[in-house]
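Read top to bottom, the protein sequences are chains A and B.
The numbering used here numbers the first residue of the first sequence as 1 and each following residue consecutively.
The numbering used here numbers the first residue of the second sequence as 1 and each following residue consecutively.
Take the hints with a grain of salt, since some may be wrong.
Some chain B residues judged to face chain A by a derived CB distance under 10 Å, without partners named [what the hints assert, rightly or not]: (1) Ala13; (2) Ser25; (3) Tyr46; (4) Gly103.
Derived pair list, reagent style EDC-like, types lysine to aspartate or glutamate, alpha-carbon separation capped at 20 Å [claimed, not checked]: (5) A:Lys64 - A:Glu87; (6) B:Lys52 - B:Asp82; (7) A:Lys41 - B:Asp104; (8) B:Lys99 - A:Glu87; (9) B:Lys99 - A:Glu59; (10) A:Lys55 - A:Asp65; (11) B:Lys69 - B:Glu31; (12) A:Lys41 - A:Asp88; (13) B:Lys111 - B:Asp82; (14) A:Lys41 - B:Glu66; (15) B:Lys99 - A:Glu107; (16) B:Lys52 - A:Glu107; (17) B:Lys69 - B:Glu55; (18) B:Lys111 - B:Glu14; (19) A:Lys41 - B:Glu55; (20) B:Lys52 - B:Glu66; (21) B:Lys3 - B:Glu66; (22) B:Lys69 - B:Asp104; (23) A:Lys41 - A:Glu107; (24) A:Lys20 - A:Glu63; (25) A:Lys66 - A:Asp88; (26) A:Lys14 - A:Asp27; (27) B:Lys3 - A:Glu59; (28) A:Lys20 - A:Asp88.
These stretches of chain A come out as covered by chain B in the derived footprint (C-beta under 8 Å, 3 or more residues) [to be verified]: (29) 44 to 52; (30) 102 to 109.
Since the hints were made in silico from the structure, they are not lab data.
Just so it is clear, CB atoms sit at the ideal spot from N, CA and C, and this is done for glycine as well.
One-letter residues, chain by chain:
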Amino acid sequence: GAVVSQHPSWVICKSGTSVKIECRSLDFQATTMFWYRQFPKQSLMLMATSNEGSKATYEQGVEKDKFLINHASLTLSTLTVTSAHPEDSSFYICSARWFNSGRSQYEQYFGPGTRLTVT
Amino acid sequence: DAKTTQPTSMDCAEGRAANLPCNHSTISGNEYVYWYRQIHSQGPQYIIHGLKNNETNEMASLIITEDRKSSTLILPHATLRDTAVYYCIVRGFNTNAGKSTFGDGTTLTVKP
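This is chain B alone, in the form it adopts within the complex:
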């Protein structure tokens, strides 16, 4: 699976959009970008995933650059409950499907 690089930490004001970047310059053509988050002392929670098109669901939006070497997770209106470690993961769709390799992630702190 391709390696990802994320900033160690970010702050965001409550109610504002949180934009979390991820670099995955070695991503291959059949690999998807997945985002999970982990709130303290809990298991990871799935947020969103995509291949090359931008994706949106009830939790977040995912913007993937045209060359697919980077992506941004957008939480449109961050709340205090969004404070967590966010992991960007790249993995194959069916090959090794479900076998996620976690990097260090970004610790997002949402402040009042």
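Bound conformation, chain A alone:
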């Protein structure tokens, strides 16, 4: 199946600093990528939908000024957590959508996740 990578796989930062997480589709072009957040022992929660070349669409309750999303190319989306605080510590997962023309369907592939710890 298609491969989605994330970088870094884990990061520790101090409170008040900003952290950038990259999501790349390695062998396909993704016009749409999604960003999820997962707290310990909880399910994945969709944060935002990122469309290449346009502004991201955020889910209700997600602060767009705090979680900056940029989708500048068909293979890269970035999530920047600005002025991070300990409550932002979480597992951040991206996914990329790809249209499989052979099967005439959209498919969704997930990245391995990024563990953010804010001290």
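With the hints as your guide, set chain B onto chain A.
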């Protein structure tokens, strides 16, 4: 997207079939059933999906009831590496395609 209900946890003996149920009684006609799993501290992994016919691939089988209100994921010969949280998701094929809403899932523990 339709809401799904899954048991919180299940155990399965290694080598035996694991049958994971999912209820999706409000599924609409153009919504598909997708299954993913998440091994600890990793991203979700796609397993299988279907509309109304039973499906099988190299990982699992998916049985969807005739009224499409429920489904069962079958891992035919569970191994210790199948221990994970399994998510049943219902979503449209093209509308909101790829935008998966995750419920709480079922924690499957495969025991020796």
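Hint by hint, here is what the structure shows:
Hint status for Ala13 of chain B: violated, given a least beta-carbon distance of 25 Å to chain A, over 10 Å. Look at Ser25 of chain B: its Cβ only gets to about 20 Å from chain A, farther than 10 Å, so that hint breaks. Because the closest C-beta pair between Tyr46 of chain B and chain A is about 7 Å apart, less than 10 Å, the hint holds. For Gly103 of chain B, the interface hint holds, since its Cβ comes within 10 Å of a Cβ in chain A; the closest pair sits about 6 Å apart.
This hinted pair checks out: Lys64 of chain A and Glu87 of chain A have alpha carbons roughly 16 Å apart, not beyond 20 Å. For the proposed pair Lys52 of chain B and Asp82 of chain B, the alpha carbon gap of about 25 Å is over 20 Å, so the pair is violated. For the suggested pair Lys41 of chain A and Asp104 of chain B, the alpha carbons sit about 9 Å apart, so the restraint of at most 20 Å is met. About 25 Å separates the Cα atoms of Lys99 of chain B and Glu87 of chain A, which puts this hinted pair outside 20 Å; it is violated.
Restraint check: the Cα-Cα separation between Lys99 of chain B and Glu59 of chain A comes to about 11 Å, which is no more than 20 Å; the hinted pair holds. Restraint check for Lys55 of chain A and Asp65 of chain A: the C-alpha separation of about 12 Å stays at or below 20 Å, so the hint holds. Restraint check for Lys69 of chain B and Glu31 of chain B: satisfied, since their Cα atoms lie roughly 11 Å apart, inside the 20 Å limit. A threshold of 20 Å between alpha carbons decides the hint, and for Lys41 of chain A with Asp88 of chain A the separation of about 15 Å falls inside it, so the pair holds.
The suggested pairing of Lys111 of chain B with Asp82 of chain B holds, with an alpha-carbon distance near 10 Å, which does not exceed 20 Å. Among the hinted pairs, Lys41 of chain A with Glu66 of chain B is inconsistent with the structure: their alpha-carbon atoms are about 34 Å apart, more than 20 Å. Under the criterion of a C-alpha separation no larger than 20 Å, the hint pairing Lys99 of chain B with Glu107 of chain A is consistent with the structure, at around 10 Å. Straight-line distance between C-alpha atoms of Lys52 of chain B and Glu107 of chain A comes to about 18 Å, which keeps the hinted pair within the 20 Å bound.
At most 20 Å may separate the alpha-carbon atoms for a hinted pair to count; Lys69 of chain B and Glu55 of chain B meet this at roughly 16 Å. Only pairs whose Cα atoms come within 20 Å are accepted, and Lys111 of chain B paired with Glu14 of chain B is accepted, the gap being roughly 6 Å. A hinted pair counts as satisfied when its Cα atoms are at most 20 Å apart, and Lys41 of chain A with Glu55 of chain B does not qualify at roughly 30 Å. A hinted pair counts as satisfied when its Cα atoms are at most 20 Å apart, and Lys52 of chain B with Glu66 of chain B qualifies at roughly 7 Å.
About 18 Å separates the Cα atoms of Lys3 of chain B and Glu66 of chain B, which keeps this hinted pair within 20 Å; it holds. Between Lys69 of chain B and Asp104 of chain B the alpha-carbon distance is near 18 Å, which keeps this suggested pair within the 20 Å criterion. With a C-alpha separation of about 26 Å, the suggested pair Lys41 of chain A and Glu107 of chain A falls outside the 20 Å cut-off, and the hint is violated. As the CA atoms of Lys20 of chain A and Glu63 of chain A are separated by approximately 16 Å, the hinted pair is consistent with the 20 Å bound.
As the CA atoms of Lys66 of chain A and Asp88 of chain A are separated by approximately 10 Å, the hinted pair is consistent with the 20 Å bound. Using a Cα cut-off of 20 Å, the hinted pair Lys14 of chain A and Asp27 of chain A is violated, with the two alpha carbons roughly 34 Å apart. As the CA atoms of Lys3 of chain B and Glu59 of chain A are separated by approximately 17 Å, the hinted pair is consistent with the 20 Å bound. For a cut-off of 20 Å, the pair hint linking Lys20 of chain A to Asp88 of chain A stands: about 13 Å separates their Cα positions.
Counting residues of the stretch 44 to 52 of chain A whose C-beta lies closer than 8 Å to any C-beta of chain B gives 4; at least three are required, and the coverage claim holds. As drawn, the stretch 102 to 109 of chain A meets chain B at 5 residues by the rule of a beta-carbon pair under 8 Å; at three or more, the given contact holds.
When each numbered hint is compared with the structure, violations occur for hints 1, 2, 6, 8, 14, 19, 23 and 26.
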